[in-house]
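Number of protein chains: 2
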Amino acid sequence: MIAFLAPALLAITATAAPVGPTDIVQQAPAAAWVDIPAGDLLVMSLENGRRVVIQLAPDAAPVHVANIRRLAEAAWWDGTSVNRVQDNYVTQWGDATEKKPLPDAVVAAPPAEYERPANGVAFTPLNGRDAYAQQAGWSNGWPAAIEKGRVSLVHCYGMVGVGRGLAPDTGSGAELYAVNGHAPRHLDRNIALVGRVIKGMDALSSLPRGTEALGFYKTAEERMPITSIRLASSMPANQRPAFQVMRTDGAVFARYVDARANRRDAFFIRPAGAVDICNATVPVRPRP
Amino acid sequence: MIAFLAPALLAITATAAPVGPTDIVQQAPAAAWVDIPAGDLLVMSLENGRRVVIQLAPDAAPVHVANIRRLAEAAWWDGTSVNRVQDNYVTQWGDATEKKPLPDAVVAAPPAEYERPANGVAFTPLNGRDAYAQQAGWSNGWPAAIEKGRVSLVHCYGMVGVGRGLAPDTGSGAELYAVNGHAPRHLDRNIALVGRVIKGMDALSSLPRGTEALGFYKTAEERMPITSIRLASSMPANQRPAFQVMRTDGAVFARYVDARANRRDAFFIRPAGAVDICNATVPVRPRP
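In the order they appear, the protein sequences are chains A and B. 1 is the number of the first residue of the first sequence in our numbering; add one for each residue after it. 1 is the number of the first residue of the second sequence in our numbering; add one for each residue after it.
A couple of the hints might just be wrong.
[Said to hold, decoys possible] Partial selection, computed: residues in chain A whose CB lies under 7 angstroms from chain B:
1) Asp59
2) Gly128
3) Leu166
4) Ala167
5) Thr170
6) Ala183
7) Lys199
8) Ala266
9) Phe268
10) Ala272
11) Ala274
12) Asp276
No wet-lab data here; the hints were simulated from the structure. Backbone N, C-alpha and C define an ideal beta-carbon position, used for all residues, glycine too.
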């Protein structure tokens, strides 16, 4: 059919060709990206050779993130393990005995850094309904929500949180989990979210599920040993991963979200016309 | 403290004790449950010894489900494999060559059974917002949504759909997938949903992710062979699984959904006050 088009029309057709979210990310200019500081990157090495990279969220949970940095600097997680994999919920790691002493500098009972006043916090609203909060959106690159004037990060796939006991302030940051299924948004504002997996999430999501209550492994042999967890900033320069995250307050990201909500790829018959906060994952790429 | 309460008050306190969703499911009377017909259960056996049970949804996609039953009766999937595992998206299985002839009775190009008029279809609305549709809810035990007077099943975790090409009617049912991550609701009304995994989902979600585009495996060796797929109704009675699903139009289910939205378990500090359609998974249990 295209052979019948006049050259001018052909050019218009080419310009108007469907643009999917992937195209927008691939074509995004350098200004659409922000470097992630090496001090915000946590690198977990598993015994099976897999590496998982986590971006920390110091603005959302400063005391917890300070703890996590201290634990990494003390090599505290080396020799611990992944102890719990509950299907469609979380993959959790730390000291299986729950008795390993914390380094002195770690605050054993941090405050409940679950939400903070929205006033003064950067926030780009999502144009659409959210099932849980008055307003979903993004805050400096993070999926977030505002409810009653307070902003919190939200439990999307791959988000990393701090395991805790029943009291709201018992999680030091030594026990961490990553969401491995449908966003468990009921945990929002009940747990400190401290980051997200930006590379290697499949190394955590494809582990065998534990057969004990809550997906804990029954035997020590089932646990995946953690060789090390380090801050990228403390690694030799030639081993250090470097990533960029897309600015969530810019025009390119707005186009990306719109393309996620209105899929124009040939496969789609009926674009949804909407997208939920956890289906418009903030793009991340290795630093070019 | 409880020692100071008068006996009458103690009884009230006991009655008012926090009741979580699990308690409600465990205490649900027989009348809250419906038997799943054996002809609606698909049993997949993997070479690693794992078994996956899928409940079919004949009301939503009658032609596709009829195809699937014929494929199972013809033992068509025996010797095929899981070919694609894309992280936070889908696990897909079928004939890797895409050239295996279909049994004669299978309709090669079924109609696009993606949605149907809501008028006359049983529907219990979810009391809350949905990011994608005008109204989310449940239809005869299935997560569903209504948009512009038409009802469709929705892509929650574990839901099973029919792989297809670019044309809307190219999926016979021979290529199936199960959602293994956050609900990809943008696929709603774009693909025929034909069922859900009700047992053994972790056997599909914990497989290694494929490294080719879309999570396809690169080599034949990576594929998990499928030993057999059968309808429970065609299996010997002593091997046949039997399950019940909770009625979604009853008072017990309404209490369950409320308890999912307002977690009263001791762990929760701030109940969400809401739940999305894919976080209130319809309870299923083995038939007692």
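Worksheet entry | Restraint outcome when Ala274(A) is required to lie within 7 angstroms of chain B by C-beta distance | Result: holds, 5 angstroms to nearest chain B Cβ.
Fill in: Supplied contact hint for Ala272(A), tested at 7 angstroms Cβ to chain B
Cβ of Ala272(A) sits 5 angstroms from chain B, so the hint holds.
Worksheet entry | Asp59(A) as chain B interface residue, shortest Cβ-Cβ below 7 angstroms | violated (21 angstroms)
Fill in: Closest C-beta approach of Ala167(A) to chain B relative to 7 angstroms, hint status
Status violated, d = 9 angstroms.
Discussion item. The hint names Lys199(A) as touching chain B; please verify it with the least Cβ-Cβ distance against 7 angstroms.
Written reply: violated (11 angstroms)
Discussion item. Hint Asp276(A) vs chain B: min CB-CB distance below 7 angstroms?
Written reply: holds (4 angstroms)
Worksheet item: Against chain B, with CB atoms and a cut of 7 angstroms, does the hint on Phe268(A) hold up?
Response: Holds: closest Cβ of chain B sits about 6 angstroms from Phe268(A), inside 7 angstroms.
Fill in: Given hint Leu166(A) near chain B, where the shortest CB pair must fall under 7 angstroms
Constraint on Leu166(A) satisfied, holds at 5 angstroms.
Discussion item. Min Cβ distance, Ala183(A) to chain B: is it shorter than 7 angstroms?
Written reply: holds (6 angstroms)
Worksheet item: Minimum Cβ distance from Thr170(A) to chain B below 7 angstroms?
Response: Given a least distance of 11 angstroms, the restraint on Thr170(A) is violated.
Worksheet item: Does the nearest C-beta of chain B fall within a distance shorter than 7 angstroms of the C-beta of Gly128(A)?
Response: Holds, because the Cβ-Cβ distance from Gly128(A) to chain B comes to roughly 6 angstroms (cut-off 7 angstroms).
Fill in: Proposed interface contact between Ala266(A) and chain B, which counts if any beta carbon pair is under 7 angstroms
holds (5 angstroms)
Against the hints set out earlier in the document, violations occur for numbers 1, 4, 5 and 7.
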